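J.: Single-letter residue listing:
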Amino acid sequence: MTINKSFEEINEKIRKGTAVVVTAEEVIEIAAAEGLNSAAKKIDVVTTGTFGIMCSSGAFLNFGHTTPKMRMSNITLNDVPAYAGLAAVDCYIGATELKINDSCNQNGPGKFRYGGAHVIEDLVAGKKVTLKAKSYGTDCYPLRELEKDFTLSEMRDAFLFSPRNAYQNYNAGTNTTDKTIYTYMGILKPNMGNINYSSAGQLSPLLNDPYYRTIGIGTRIFLGGGVGYVAWPGTQHAPAEARNERGIPTGGAGTIAAIGNLANMNTEFLRGVSIIGYGTSLAIGIGIPIPILDEEMLYYTTVKDEDIQAPIVDYGTAYPNAEPGNLGYASYAELKSGEVTINGKKIKTAPLSSYSKAKQVAETLKQWIKDGEFELGQPTQTLPSVKDRRGLK
Amino acid sequence: MSIKKRLVLHFSADIVDKPMVFTLVKKYNLVPNILQAEINPEKEGYLVMELEGDKDDVALGLGWLESCGVELSELGERIIWNEEICTHCGACTGICPTEALSMARSEMKVSFNSEKCIACRMCLAACSFGAVQVNF
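Sequences listed follow chains P and L, in order.
Residue numbering for the first sequence follows the working numbering, beginning at 6 and increasing consecutively.
Residue numbering for the second sequence follows the working numbering, beginning at 8 and increasing consecutively.
Think of the hints as simulated: they come from the structure by calculation, not from any bench.
Don't take each hint at face value.
Straight-line C-alpha distance at most 16 Å; calculated EDC-like pairs for lysine to aspartate or glutamate [to be verified]:
1. P:Lys-309 / P:Asp-95
2. P:Lys-139 / P:Asp-183
3. L:Lys-11 / L:Asp-63
4. P:Lys-353 / L:Glu-59
5. P:Lys-364 / L:Glu-114
6. P:Lys-10 / P:Glu-301
Computed from a predicted model, the values in this text were never measured in an experiment.
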């Protein structure tokens, strides 16, 4: 029997409390036991989740007007510079911006204890953040200098707006040189001493809808513990990336730009990080609900860790020199086992993103939908994709 | 019965010049394996070591160290893995040389076994969240 459900039909079930919602982990077993068609008929929504370090994150803040008024042209928050070239009292604080006078990598790999991501975490935690602003003064905005403590609730507006989050798939990093290197993929020991990877694999949002059939501008998502939206295709969104026979990209591929109110988020799912030798960044929990519109969507959500491959990339030479190619592929099932074998050599693996938290995101989102608190947002326009889809025969 | 203990020894400046390790070997028949040391003349310092020997000899040796004014603590008490801060990503598990920090594969959660820890501090570098603390 052909299955055809609309967003509205599923939302109607959510409102009535009759929608069947399972996580991207649970759907695998259900489909294996009952078959795709019957599972697609039964299940309305599959929830996904990821929690990891996502560069290209940041927040727009508006402080409200001062008395007398000020056109802030130079802003720091807890001594971390924010971009003020927007208007009078707006700014953008980026996750990787460092505190003024950080010694960076001048004395060996830097510790980068505090940056923009930590400012955002502090705001979400309800802590006071010190704003220092300067201005050259105008007739309409005479105030030239301001120092004031703000909490999130005292701000006029504050929303996370990340240009690129939730990478569909990602490189696993290793190092072929004879020196330890410090990268955004973590500490990589010499002579391929270890491999670090960063994806929730089978739970990861865009891997459960690999051609973005249901995800686009306006998709309502779990973002940092609160409700957010897909605002746009993320920067570097690359649907034409090579794909395997299931349609799963074998490299980075899709991304989303995500937006959401900081006031609804919590530090359980939004944390500033200090990456040794690299800098600061923001770890965020993101979950996207996948509506089971038809059997094909159900099929995509049954993707397992063994079906997803990550390219193993040399961050010692190839990556920094922008040389194409990789050292082979490993599935997330192999990477998650703690060890992979390359050319007969056993190499220890470690994740940089938290699978257990990804699961928590998917479970939380499932509960929200079951409780009728969260309806699906039908995208006004889906993310750019490719013409021909592989997968269900 | 032979036992092994991993200890942190703190020396004040006035006793730092005493031949402590020598005495532990010679007088108490113990086998010390020094893991880390920060010892300078006329300055307070510390020694992290694994001490192996007969149970009674270990007790006597440690008693003697304390009588000399050495402040003793188990290594495990000085290394704190803060589960509240930890996000269970597992980045530390790829870098920890002794598997003191390891991952339960079934649920992908990190756990810390202080008995395996050698206080190499690699996890402090590997953890982006600051979940591990070493207090010496």
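J.: Starting from Lys-10 (chain P), check that the Cα of Glu-301 (chain P) is at most 16 Å away, please.
T.: Holds, at roughly 12 Å.
J.: Between Lys-11 (chain L) and Asp-63 (chain L), does the CA-CA distance stay at or below 16 Å?
T.: 12 Å, holds
J.: Does Lys-353 (chain P) pair with Glu-59 (chain L) here, judged by a C-alpha cut-off of 16 Å?
T.: Violated. Lys-353 (chain P) to Glu-59 (chain L) sits at ~31 Å, over the 16 Å cutoff.
J.: Next pair to validate is Lys-139 (chain P) with Asp-183 (chain P); report whether the Cα-Cα distance is within 16 Å.
T.: Between Lys-139 (chain P) and Asp-183 (chain P) the Cα gap is close to 48 Å, so the pair fails against 16 Å, i.e. violated.
J.: Holds or violated: Lys-364 (chain P) with Glu-114 (chain L), Cα cutoff 16 Å?
T.: 10 Å, holds
J.: Between Lys-309 (chain P) and Asp-95 (chain P), does the CA-CA distance stay at or below 16 Å?
T.: At roughly 44 Å apart (the allowed maximum being 16 Å), Asp-95 (chain P) and Lys-309 (chain P) break the hint.
The structure does not agree with the numbered hints 1, 2, 4 stated previously, though it agrees with the rest.
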